[in-house]
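Chains as they are written, first to last, in numbering that gives the first Met the number 0: chain A, 0 to 118; chain B, 0 to 156.
No lab work stands behind these hints, which were simulated from the structure alone. Glycine included, every Cβ here is placed at the ideal spot set by N, Cα and C. Accuracy of the hints is not assured; some may be wrong.
Unchecked claim - Short derived list, chain A residues pointing at chain B, Cβ under 7 Å:
#, residue
1, Leu41
2, Trp64
3, Thr65
4, Ser91
5, Ala95
6, Val98
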Amino acid sequence: MFVSVLLASAVLAALGLWGAWRALRGQPVVFVQLIGAAVAELALVVQAVVALASALTGGGPADPWTFWGYIVTSLVLLPVAAVWAMADRTRSSSVALLVMCLALLAMQLRIYQLWEVVA
Amino acid sequence: MTEPAPAVTVHTRPAEDTRRPAYGLGRVLILIYGIFALAATARGLVQILTRLEDAPVAYVLSLFAGLVYILATVALGHNGRRMRRLGWIAVTVELLGVAIIGALSVTVTEIFPDDTVWSQFGSGYGYVPAVLPLLGIIWLWHSSPGRIASRGERADR
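Hey, can you work out the whole structure from these sequences and the hints?
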């Protein structure tokens with residue numbers, strides 16, 4: 000789980016910095032960033048599968064409700080940012096992508112903390 | 000005697016807005032409110048449903064904070080006349096909440112055995128709960144229809 004959180008966080012941080020950079024220069028999200036977002040989303044899906052596999056084989060967090068709430072929510076945020084980027088061709092889409100990445104990074108931290116407290 | 004008015008045919012074309020959609024920074028603020036509405040409501044619900052007896056005041060407050068964030072999200076998003084009034088109420092309640100609960104959580108710690116969204120002025124959420132109502136107030140002030148109209152008139156002169 001630690002490797003998965005580290006990997007996803009690294010991709011999300013890179014995507015967030017990229018978004019911040021384009022927001023500062025007043026530019027909207029470009030298509031290459033959406034590919035980056037797809038890579039990040041894939042990392043999150045892999046993470047969900049890893050968590051599900053270890054939960055089914057006996058492991059898993061002490062507070063499953065909160066943990067799975069975070070996992071499910073984290074899968075939704077990047078698609079929302081992508082839809083936003085396609086609808087809003089202004090700087091705001093870059094700010095929105097940055098906000099999503101920051102929220103996801105905070106969630107990665109919580110997911111890892113919750114996972115460490117095993118039932 | 001009045002002459003009958005001559006028949007006039009007015010040719011009109013259907014109005015079509017071909018500008019690309021641009022939602023702007025206000026929408027980003029609404030997005031942040033949405034994330035907080037989701038986070039605080041979900042957190043409050045889970046806490047109340049699974050372990051209410053541990054810290055009843057804190058957990059009920061978390062849920063209340065979540066509901067206020069939901070109200071603020073909807074009100075800022077809707078942007079109608081009455082909804083803007085509700086938006087003002089929501090952001091004011093948030094500002095008071097984060098100030099009062101923040102101060103109480105530092106001074107009278109025994110009421111809060113567990114944290115709420117507003118504890119320690121929102122330090123558990125990177126102080127975003129303290130900044131968010133201020134941004135909400137700035138946005139409501141900046142986006143008020145009267146102010147937009149007067150800005151437009153100034154630009155014409």
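Going through the hints against the structure:
1. Leu41: violated, 22 Å
2. Trp64: holds, 5 Å
3. Thr65: holds, 5 Å
4. Ser91: With a minimum Cβ separation of about 5 Å from chain B (threshold 7 Å), the hint on Ser91/A holds.
5. Ala95: Status holds, d = 5 Å.
6. Val98: holds, 6 Å
Of the numbered hints stated above, the single one contradicted by the structure is hint 1.
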